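Enquirer: Using the sequences plus the hints, can you model the full thing?
Number of protein chains: 2
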Amino acid sequence: MRNNLKIGVIGTGGVGGYYGSQLQKQGFDVHYLLNSDFEYVKTHGLKVLSPNGDYSFNNVNAYQSVHEMPKCDILILALKTTSNHLLSELLPPALKDDGFVFALQNGIGIEQQIAQIVGPNRVIGGLCFICSIKKGPGVIEHQDYGWMSVGDYRENNYISGLTDRIKMIAEMFDGTGIPIDLMEDLTLARWQKLIFNIPFNGLSVVLGANTKQLTSHPDIRELAWQLMLEVGITAKSSVNRVISEDFMQDILHKTTVMQPFDPSMKQDHDANRPLEIEAIHGQVVRHAKAAGIQVPKIETLYQQLKFINDDS
Amino acid sequence: MRNNLKIGVIGTGGVGGYYGSQLQKQGFDVHYLLNSDFEYVKTHGLKVLSPNGDYSFNNVNAYQSVHEMPKCDILILALKTTSNHLLSELLPPALKDDGFVFALQNGIGIEQQIAQIVGPNRVIGGLCFICSIKKGPGVIEHQDYGWMSVGDYRENNYISGLTDRIKMIAEMFDGTGIPIDLMEDLTLARWQKLIFNIPFNGLSVVLGANTKQLTSHPDIRELAWQLMLEVGITAKSSVNRVISEDFMQDILHKTTVMQPFDPSMKQDHDANRPLEIEAIHGQVVRHAKAAGIQVPKIETLYQQLKFINDDS
Chain A
1 MRNNLKIGVI GTGGVGGYYG SQLQKQGFDV HYLLNSDFEY VKTHGLKVLS PNGDYSFNNV
61 NAYQSVHEMP KCDILILALK TTSNHLLSEL LPPALKDDGF VFALQNGIGI EQQIAQIVGP
121 NRVIGGLCFI CSIKKGPGVI EHQDYGWMSV GDYRENNYIS GLTDRIKMIA EMFDGTGIPI
181 DLMEDLTLAR WQKLIFNIPF NGLSVVLGAN TKQLTSHPDI RELAWQLMLE VGITAKSSVN
241 RVISEDFMQD ILHKTTVMQP FDPSMKQDHD ANRPLEIEAI HGQVVRHAKA AGIQVPKIET
301 LYQQLKFIND DS
Chain B
1 MRNNLKIGVI GTGGVGGYYG SQLQKQGFDV HYLLNSDFEY VKTHGLKVLS PNGDYSFNNV
61 NAYQSVHEMP KCDILILALK TTSNHLLSEL LPPALKDDGF VFALQNGIGI EQQIAQIVGP
121 NRVIGGLCFI CSIKKGPGVI EHQDYGWMSV GDYRENNYIS GLTDRIKMIA EMFDGTGIPI
181 DLMEDLTLAR WQKLIFNIPF NGLSVVLGAN TKQLTSHPDI RELAWQLMLE VGITAKSSVN
241 RVISEDFMQD ILHKTTVMQP FDPSMKQDHD ANRPLEIEAI HGQVVRHAKA AGIQVPKIET
301 LYQQLKFIND DS
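One line per chain: the protein sequences are A and B, in this order. Under UniProt numbering, the residue at position 286 of the first sequence is numbered 286, and the numbers go up by one with no gaps. Under UniProt numbering, the residue at position 125 of the second sequence is numbered 125, and the numbers go up by one with no gaps.
Just so you know, these hints were derived from the structure itself, not from any lab. The structure displayed is predicted, hence computed values, not measured ones. By construction, the Cβ of each residue, glycine as well, lies at the ideal position given by its N, Cα and C atoms. Keep in mind that a hint or two might mislead.
Some residues of chain B that are not near chain A, with every Cβ distance over 12 Å (derived) [claimed, not checked]:
1) Tyr40
2) Pro92
3) Asn156
4) Asn240
Okay, derived cross-link-like pairs now, SDA-like style, lysine to any residue, Cα gap no bigger than 20 Å in a straight line [unchecked claim]:
5) A/Lys80 <-> A/Glu278
6) A/Lys289 <-> B/Gly13
7) A/Lys289 <-> B/Ala170
8) B/Lys212 <-> A/Asp311
Chain B is faced by these chain A residues, among others (derived, beta-carbon under 10 Å) [to be verified]:
9) Gln116
10) Val118
11) Gly208
12) Leu214
13) His217
14) Pro218
15) Glu222
16) Leu223
17) Leu227
18) Asp250
19) Lys254
20) Ala290
21) Gly292
22) Gln294
23) Thr300
24) Ile308
Expert: Pasting the structure below:
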C-alpha cells in the first residue's frame with residue numbers, strides 16, 4: 001500500500017517539508033511543490049535537521065507547477081493561509097478524483113474554503129503543534145514538538161466521529177514517532193486551538209514578545225485570559241461548541257511553564273512575511289459579528305494587527 | 001504687580017521651562033526647581049529656542065530643593081505625572097499660605113491629587129497644547145503650538161465658572177502671545193482632552209507610529225473612534241459630562257490633517273522615560289469600573305501599555 005499511495009505536498013516549508021519527508025522516510029511516494037527553492041531542491045535534494053536525528057533525500061520529486069505533478073491520493077496543504085487565494089488554481093490539477101486534501105493550516109474556516117473547491121467530502125483537517133522552520137534552500141529545521149490533531153471535515157459543523165479516512169492518516173504516520181490525535185469533532189478542535197492562537201499569536205506581534213515575556217506580566221496574563229473568554233463565547237454562539245474554562249486555564253498554564261517560544265505569527269512578522277490574521281483574528285471577529293455578539297478585545301487586537309501587517 | 005508676584009516652576013522641562021521663562025520675560029519673578037540640570041543652569045542660565053524667536057536668561061533663580069526656594073504665590077506644576085508620588089514633599093514648602101498651584105499636567109484626577117495636599121481651593125488646572133522638549137542641559141526647544149486652556153478646580157466636579165483667579169492667569173500671559181482659553185468647567189476640559197490622549201498617546205506607543213500613520217489606516221481610525229466613544233460614555237457615567245460626537249469627529253479630523261506628530265507618550269517612550277499611563281488610561285479604566293461600565297478597548301490598550309512600560 002505504501003508504495004501505491006501518492007502524496008503531494010503543496011507548500012514545502014517548515015511544516016510541509018517536515019511531515020512530507022517523514023512520510024517519504026516511511027516509503028511513501030511523495031511529491032513536493034516548491035516555489036523559490038525549486039531549482040536548489042531539484043538538484044540537491046531535501047535535508048531535515050531534527051533533535052530526533054537529521055536525514056536527507058538526494059533525489060526528491062520536486063515541482064514548480066501543480067500541472068507537472070502526478071495526480072495524488074492525498075494533498076498535504078501546508079501553505080500559509082495568506083496564499084489561500086491561490087487554492088482554486090493549485091488544488092484541482094494535482095488531486096485524483098477520489099483523492100482528498102489534508103489541510104495543515106492555521107485558523108478557522110480552512111476546510112470550508114477547500115470544500116468549496118474540491119467538494120465537501122474530500123477534506124481532512126490537521127492541527128499541527130510543531131516548531132519547524134525552513135532554514136535555507138532545501139533545509140528544514142525541526143526544532144521541537146510535532147504532534148498533530150486530525151479530524152474529518154463535515155459541512156455545517158456536524159461531528160464526523162472517527163472516520164476510516166482519519167484512521168488511515170494515523171496509520172500513515174505509524175513508525176514516524178509523530179503522535180497523532182484523532183478528533184471526533186474537527187470544529188471543536190479548530191476553535192480550541194484559537195484559545196492559544198488568538199491571544200499569543202496576536203500579542204506576540206503587537207508587543208514584540210515571546211510567550212514567557214507575555215505570560216510573566218500580570219496585565220497580559222489577564223488580557224490573554226479575557227481574549228480566551230471572548231473566543232469561548234464566540235464558539236458557543238456561532239458554532240455551538242463549549243470550550244470549558246478548565247481547558248482555557250490549562251492552555252494558559254502550559255503556555256506559562258513552557259520554554260520561551262515565538263508563536264508562528266511572530267516568526268512570520270520577524271521574517272517580514274504577511275501575517276495570518278484573516279484566518280485567525282479576522283475569522284473570529286466575523287463569526288462574532290454574524291452571531292450578534294461583541295468581542296471588543298479580539299477586535300482591538302485584529303485592528304492593531306492589520307495596521308502592523310499593512311505597515312511592514 | 002508683576003514684580004511682586006513670585007512664581008515657582010516645579011519641573012523645569014519642555015513645558016515648565018517654556019511657560020515659566022515666558023513669564024520671566026514679562027517681568028515676573030520666576031524661580032525654577034531643577035533636577036539633573038541644576039548645576040548647568042545655575043552657572044549658564046536658561047535658553048529657549050522657538051520659531052517665535054530664541055531668547056535666554058544668563059542668570060536664573062535655580063534650585064535643587066524646594067526648601068531653598070522662596071515661598072511662591074503661584075507654583076506652576078509641570079512634572080510628569082509619573083513623579084506625582086513626590087507632590088506631598090514638593091508642594092507645601094514652596095507655597096505661600098494664600099498661594100495656589102497651577103497644574104500643567106496630563107490626565108484626569110490631577111487637581112484632586114493636589115487638592116489633597118494643599119487644600120481644595122488652591123488649585124487651578126491648565127491643559128497645554130504644545131510641542132516643547134528639553135533639548136539638552138538648560139536648553140528648551142519650543143517646536144510648535146503653545147496655547148493653554150485654564151480652569152479653576154472645584155470639588156465633586158462642580159463648575160467654577162470664570163473666576164478672578166483664572167482671569168489673573170490670563171492677564172499674566174498677556175503680552176507673551178500665548179493664547180489662553182478660560183474654561184468655566186475644568187472637568188469637562190480634562191475629559192475632552194482625553195478624546196485625543198486616550199487613542200493617540202496609547203496607540204502611538206503600542207504601534208510605534210505618529211498621528212499621520214495612525215489616522216491614515218482605516219482600522220486604526222475606526223479603533224481611535226471606538227476609543228473616543230468609550231471615553232465619552234465614561235465621562236457621562238462617572239462625572240456627568242457630555243462630550244458630543246461632533247467634538248470627537250472634530251478631534252479626529254484635526255488629528256488627521258495636522259502635520260505628523262509624535263504624541264507626548266510616544267516621545268516619553270522613545271526617550272526611555274516612564275509613561276503617564278496611570279494619569280490617562282488607568283484613570284479612565286478606574287472611573288469606568290467605579291461607574292459599573294465596560295471600556296474593553298481602553299482596557300486592552302491600558303494592559304498593553306503597562307506591559308510596554310514595565311518592559312522598558
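Enquirer: For every hint, state whether the structure bears it out.
Expert: Structure-based check of each hint:
1. Tyr40: 36 Å, holds
2. Pro92: 34 Å, holds
3. Asn156: Per Cβ check, asparagine 156 of chain B is outside 12 Å of chain A; nearest 31 Å; holds.
4. Asn240: 24 Å, holds
5. A/Lys80 <-> A/Glu278: 11 Å, holds
6. A/Lys289 <-> B/Gly13: 48 Å, violated
7. A/Lys289 <-> B/Ala170: 51 Å, violated
8. B/Lys212 <-> A/Asp311: Satisfied, since the Cα-Cα distance of roughly 13 Å is no more than 20 Å.
9. Gln116: 27 Å, violated
10. Val118: 33 Å, violated
11. Gly208: The hint holds - glycine 208 of chain A has a Cβ within 10 Å of chain B, the shortest such distance being about 9 Å.
12. Leu214: 8 Å, holds
13. His217: This hint holds: histidine 217 of chain A lies near chain B, its Cβ roughly 5 Å from the closest one there, short of 10 Å.
14. Pro218: 8 Å, holds
15. Glu222: 7 Å, holds
16. Leu223: 4 Å, holds
17. Leu227: 9 Å, holds
18. Asp250: 22 Å, violated
19. Lys254: 21 Å, violated
20. Ala290: 18 Å, violated
21. Gly292: 17 Å, violated
22. Gln294: 8 Å, holds
23. Thr300: Because about 5 Å separates threonine 300 of chain A from the closest Cβ in chain B, which is inside the 10 Å limit, the hint holds.
24. Ile308: 7 Å, holds
Checked against the numbered hints above, the structure breaks hints 6, 7, 9, 10, 18, 19, 20, 21 and satisfies the rest.
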